[in-house]
Amino acid sequence: MFAADQASRGLGVELLEQGEGTAVLRMTVTPGMVNGHGIAHGGYVFLLADSAFACACNSHGPVTVAAGADVTFVAPAYEGDVLVARAEERTRCGRSGLYDVSVLRGDEVIAEFRGRSRTIGSARTSPSARTTSKESR
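With this note's numbering, the residue at position 21 of the sequence shown is 133, and numbering never jumps.
I should point out that these hints are in silico values taken from the structure, not numbers from a laboratory. Check before you lean on any hint, since a few could be wrong.
[As the list claims (entries may be wrong)] The following label-pair restraints were derived from C-beta to C-beta distances:
#1 194 / 232: 31 to 37 Å
#2 131 / 228: 18 to 24 Å
#3 175 / 126: 18 to 24 Å
#4 147 / 203: 32 to 38 Å
#5 143 / 187: 15 to 21 Å
#6 200 / 230: 14 to 20 Å
#7 124 / 206: 24 to 30 Å
Idealized CB from N, CA, C, for every residue including glycine.
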């Protein structure tokens with residue numbers, strides 16, 4: 113799944129490790145990720161955590177998406193900081209799952225993220241297979 117994630121890869125996010133229900137990703141805060149306060153925009157920190165969550169919840173095979181997520185920002189990140197997101201599955205029940213992600217700068221916690229997943233299918237569909245015409249409705 114990560115190989116096809118153009119959004120994350122385009123921002124320099126790297127997949128370091130992936131296992132059953134786990135993933136570790138890394139991202140360096142670039143000048144373009146810094147907001148008007150001189151700190152990393154929270155959206156980029158969220159993106160890193162969300163991408164780790166996506167890799168962890170899709171590690172089981174079936175297509176799984178976010179049903180919801182929350183983030184708590186604990187400390188600011190700055191230009192040049194190397195952030196690591198560690199995702200871990202907490203539980204899965206039926207088609208639903210719960211995952212926690214810690215975003216770290218070294219040993220310091222920058223953010224804590226909790227994602228709720230929902231499995232939607234067993235195979236990915238191509239964009240053309242998802243497109244419907246007026247005639248097929």
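Hint by hint, here is what the structure shows:
1. Judged by the Cβ atoms, the range 31 to 37 Å given for residue 194 and residue 232 holds: they are separated by roughly 33 Å.
2. In this structure, residue 131 and residue 228 meet the distance hint of 18 to 24 Å, their C-beta atoms being roughly 20 Å apart.
3. Between residue 175 and residue 126 the beta carbon distance is about 23 Å. The supplied range of 18 to 24 Å therefore holds.
4. Hint check: residue 147 to residue 203, Cβ distance near 35 Å, so the stated range 32 to 38 Å holds.
5. In this structure the supplied range 15 to 21 Å holds for residue 143 paired with residue 187, their Cβ-Cβ distance being about 20 Å.
6. Separation of residue 200 from residue 230 is about 18 Å and conforms to the stated range, judged on CB atoms against 14 to 20 Å.
7. With their beta carbons about 36 Å apart, residue 124 and residue 206 fall outside the hinted range of 24 to 30 Å.
Hint 7 alone, counting from the list given before, is not met by this structure.
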